[in-house]
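A.B. asks: From just these sequences and the hints, can you work out the full model?
Chains as they are written, first to last, in the numbering used here: chain U, 3 to 323; chain H, 3 to 323; chain D, 3 to 323.
Rather than coming from a laboratory, the hints here were simulated on the basis of the structure.
All C-beta atoms in this analysis are idealised placements derived from N, C-alpha and C, irrespective of residue type, glycine included.
Keep in mind that the hints are not guaranteed to be accurate.
[Stated by the list, open to error] List of simulated lysine-lysine pairs, DSS-like, C-alpha gap at most 30 Å:
#1 Lys53(D) with Lys114(U)
#2 Lys48(D) with Lys49(U)
#3 Lys148(D) with Lys183(H)
#4 Lys148(D) with Lys53(U)
#5 Lys286(H) with Lys148(U)
#6 Lys183(D) with Lys117(U)
#7 Lys53(D) with Lys148(H)
#8 Lys53(H) with Lys286(U)
#9 Lys183(H) with Lys183(U)
#10 Lys183(U) with Lys53(H)
#11 Lys117(H) with Lys148(U)
#12 Lys286(D) with Lys53(U)
#13 Lys49(H) with Lys286(U)
#14 Lys153(D) with Lys148(H)
#15 Lys148(D) with Lys117(U)
#16 Lys148(H) with Lys183(U)
[To be verified] Facing chain H, from chain D, some residues (calculated, C-beta under 8 Å):
#17 Arg36
#18 Gly38
#19 Asn81
#20 Asn94
#21 Thr98
#22 Ala100
#23 Arg142
#24 His253
#25 Phe296
[Said to hold, decoys possible] Quick list of the computed label-pair ranges, beta carbon to beta carbon:
#26 Arg15(D) with Gly5(U): 28 to 38 Å
#27 Arg311(U) with Met3(H): 20 to 30 Å
#28 Ser105(U) with Thr95(D): 31 to 41 Å
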Amino acid sequence: MPGPFTLGQIAARLGGRVAGDPQTLIRQVGSLERAGDGQITFFNSKKHQAKLGETRAAAVILAPENEQLTRLPRIVADNPYAYFARVSQLFNTAVTQALGVHSSAVVSPTVKLGKGVSIGAGCVVGDDVVIGDDSCLYPRVVLYAKSILGKRVVVHSGVVIGADGFGIASEDGRGEGPWIKIPQIGGVRIGDDVEIGANTTIDRGALDDTLIEEGVKIDNQVQIGHNVRIGAHSAVAGCVGIAGSAEIGSHVTIGGAAMIHGHITIADHVHVSAGTLISRSLTKPGTYTGFYPFDEHEAWRRNAAQLRRLGRIKSRGKKDG
Amino acid sequence: MPGPFTLGQIAARLGGRVAGDPQTLIRQVGSLERAGDGQITFFNSKKHQAKLGETRAAAVILAPENEQLTRLPRIVADNPYAYFARVSQLFNTAVTQALGVHSSAVVSPTVKLGKGVSIGAGCVVGDDVVIGDDSCLYPRVVLYAKSILGKRVVVHSGVVIGADGFGIASEDGRGEGPWIKIPQIGGVRIGDDVEIGANTTIDRGALDDTLIEEGVKIDNQVQIGHNVRIGAHSAVAGCVGIAGSAEIGSHVTIGGAAMIHGHITIADHVHVSAGTLISRSLTKPGTYTGFYPFDEHEAWRRNAAQLRRLGRIKSRGKKDG
Amino acid sequence: MPGPFTLGQIAARLGGRVAGDPQTLIRQVGSLERAGDGQITFFNSKKHQAKLGETRAAAVILAPENEQLTRLPRIVADNPYAYFARVSQLFNTAVTQALGVHSSAVVSPTVKLGKGVSIGAGCVVGDDVVIGDDSCLYPRVVLYAKSILGKRVVVHSGVVIGADGFGIASEDGRGEGPWIKIPQIGGVRIGDDVEIGANTTIDRGALDDTLIEEGVKIDNQVQIGHNVRIGAHSAVAGCVGIAGSAEIGSHVTIGGAAMIHGHITIADHVHVSAGTLISRSLTKPGTYTGFYPFDEHEAWRRNAAQLRRLGRIKSRGKKDG
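C.D. replies: Next up, the structure:
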């Protein structure tokens, strides 16, 4: 493990201003509640001011407006959370798996591997896959044939990339089965610096490719349908589903368990709240929300019953509206 | 790869009518946007008429009413999307994995395998499993003991079939823990021509079997509880959950991230919209929907606050209703 | 398989009172619909009274108030379902996998295994993992480094424990990408008698540990974020997402596809209904619900349109409210 570093050394590397003893020696990061000797923590919200008072951390990272809330040695930075992330990267490697291909992995001889790639136990990598430099597949990842991954891509266990999209045609054209399968002949391309959480699935394209651009971060158990495009630096939280051919812009965030309809377009800088179903295109940046506010069960039951009568009541009352 | 075929040869095999040069040679299918030399595409919706004007495809499949929208060589068919699916199957195999059992798969000696079966790397197939002719398990599928698969079943990577259902009894009968586990001694039976998407789970029955009938198509990350029955030719989109002992009819479609309560019955030809929770039985065919319409965050916040007062307001106003 | 046992022997072991012939010989449990010769079933709800009349089971477990509904040999017990669970455990082992480490599993030499542990084919167990006595990993489970499992823990196929949590900091502090990864250096600790369903994911902590206490039962495809705590004897149904740092109490139940926001606290004995998003802390026991009641599509469309106008309508009417 790298380090230790003094506060002064940290600030020399990462910027920020030291208040208190710059010789304070730091060996690791820790949480406000549990950090102890030799550990640096961060303070981000006045909600946790009581915890700041009690912390046994050796030093704290905080914003200028909070500088006077503690007498501990501290680093003052405009964006304490991002600063903390960089400090943690000083002490900890982001990827923890050894380089090379594990002997139990099954890698097609036609695969092109960059330098510094790590492929964990039980991975299966299909024909003509390309994996860029310094990328890491944790154990039990499957890459179907022809998937293309950029550099520094991190893929967690259980991820499946390039399985067939859900392409079926209604035999009689009435939108129901029997079904005819449409062979899925597109691929998947994943940009540099993408991270993909455990048990997430990204389908190959039906005809053209599914595309995840550089810097996109995807949490666990996300489902990304065929021919989806996710623009650079977007983030997708856990349990999200993105249906086929949706086009998500750049710098978008999608909250947990949100659901994006297929064949719609979402503009750059849109933020979708958790639990929200986006059913049509969004052309303007902003935050969009749509989940049913929970209540005690009986109150919900009464409200939901009225909600189901709303169309009727209101149309009757239209003349007054 | 099979082919090439002329438009005339394609129509001779699959029906439809050729307009333009029947000698047009086709090597592959492609999308309206990207198809090029030697590729045939399809046109399905007037929304994409501009793209049809610009396509560089060699030929187009379209409906009679759209025949005059292009001068390209074309095949006129009543159900262009289904026709396209069949054309794609001419040029592409639906299953892309080699026959036989991969050397890294762990297959119990008691398993009965049909002819033409393909079992990918890292699969684990338990005792007394039966797999019908021409079925394919992509890498890293797990079939627990006694699972029974029909013919031409395709199972994508990461699928788990036959894990224990969520069978727990409340020790004190108050509907909360501590819990007593109920051994799950039923099985799973899967009919012919079923396809199951990546990382989907289908639990074994508690006492009797879980049953997926022929021709059912299931997308990725679907959860199917113990003793569920899904009738023939139904389709289940990604991220759907179907709770234990639900009985789904035939020719049903269930949209992405919909949720079906346990112990209810859904009639044939029902269509459940994406994001909808079905909380009681449905005895009539039709389309059923229930998701919160999203809005800009502030508008949602105001509406949701009123929604939570609806039961109170309306019951006060009942005398007027 | 253990048994057979007479009704008398069963009652001598498990309590309850026999009505009818105590020499009735039982070999296995079965459902009301399909149990036959030598099988015992249970009756739990008057809804199924017709089935009780027709059952061909050899004996029935039922509550005192239902004792006279059948003339079959029977065991009368206060909590028939829990009693049935125990009877089934007499005849069936809850865990069906052989002891020992399968030859295809990849287990770090630094792992500490208890007695009677079973590790299935294709499992990957990282450095410094601890697995308590009599625990079972079904095939293709991944435990990242330093995960700690108690005794009698059952983990189904496809589960990933200890993957990185979704810890990213917004580089410019505006809540959107580019993102800086925060190394995830906490662990996961899982108590005794926990069961975890297929393809569920439990992330390692960011700084401190993720914690699942004893007796917790988790269904399939559940996502549990970093630093979540789930209190003893809680149960989490399929497709649930629990966002990072949520604190769930003991004896809590969470229905299928419910979603719990991050950084909130849920009191002991809370019951969250299926499909409900819990967006703030719950300090009182009780049942909480919040899903949109489904309807026929056109009715839903009309109601949803009015719902989106509710804030506007009501604020205009405020003077009357």
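A.B. asks: Give a verdict on every hint.
C.D. replies: Quick rundown of the hints versus the structure:
no., hint, verdict
1, Lys53(D) with Lys114(U), "62 Å, violated"
2, Lys48(D) with Lys49(U), "52 Å, violated"
3, Lys148(D) with Lys183(H), "28 Å, holds"
4, Lys148(D) with Lys53(U), "27 Å, holds"
5, Lys286(H) with Lys148(U), "45 Å, violated"
6, Lys183(D) with Lys117(U), "22 Å, holds"
7, Lys53(D) with Lys148(H), "27 Å, holds"
8, Lys53(H) with Lys286(U), "24 Å, holds"
9, Lys183(H) with Lys183(U), "40 Å, violated"
10, Lys183(U) with Lys53(H), "25 Å, holds"
11, Lys117(H) with Lys148(U), "28 Å, holds"
12, Lys286(D) with Lys53(U), "24 Å, holds"
13, Lys49(H) with Lys286(U), "22 Å, holds"
14, Lys153(D) with Lys148(H), "27 Å, holds"
15, Lys148(D) with Lys117(U), "28 Å, holds"
16, Lys148(H) with Lys183(U), "28 Å, holds"
17, Arg36, "5 Å, holds"
18, Gly38, "12 Å, violated"
19, Asn81, "4 Å, holds"
20, Asn94, "4 Å, holds"
21, Thr98, "7 Å, holds"
22, Ala100, "10 Å, violated"
23, Arg142, "5 Å, holds"
24, His253, "5 Å, holds"
25, Phe296, "3 Å, holds"
26, Arg15(D) with Gly5(U): 28 to 38 Å, "60 Å, violated"
27, Arg311(U) with Met3(H): 20 to 30 Å, "58 Å, violated"
28, Ser105(U) with Thr95(D): 31 to 41 Å, "34 Å, holds"
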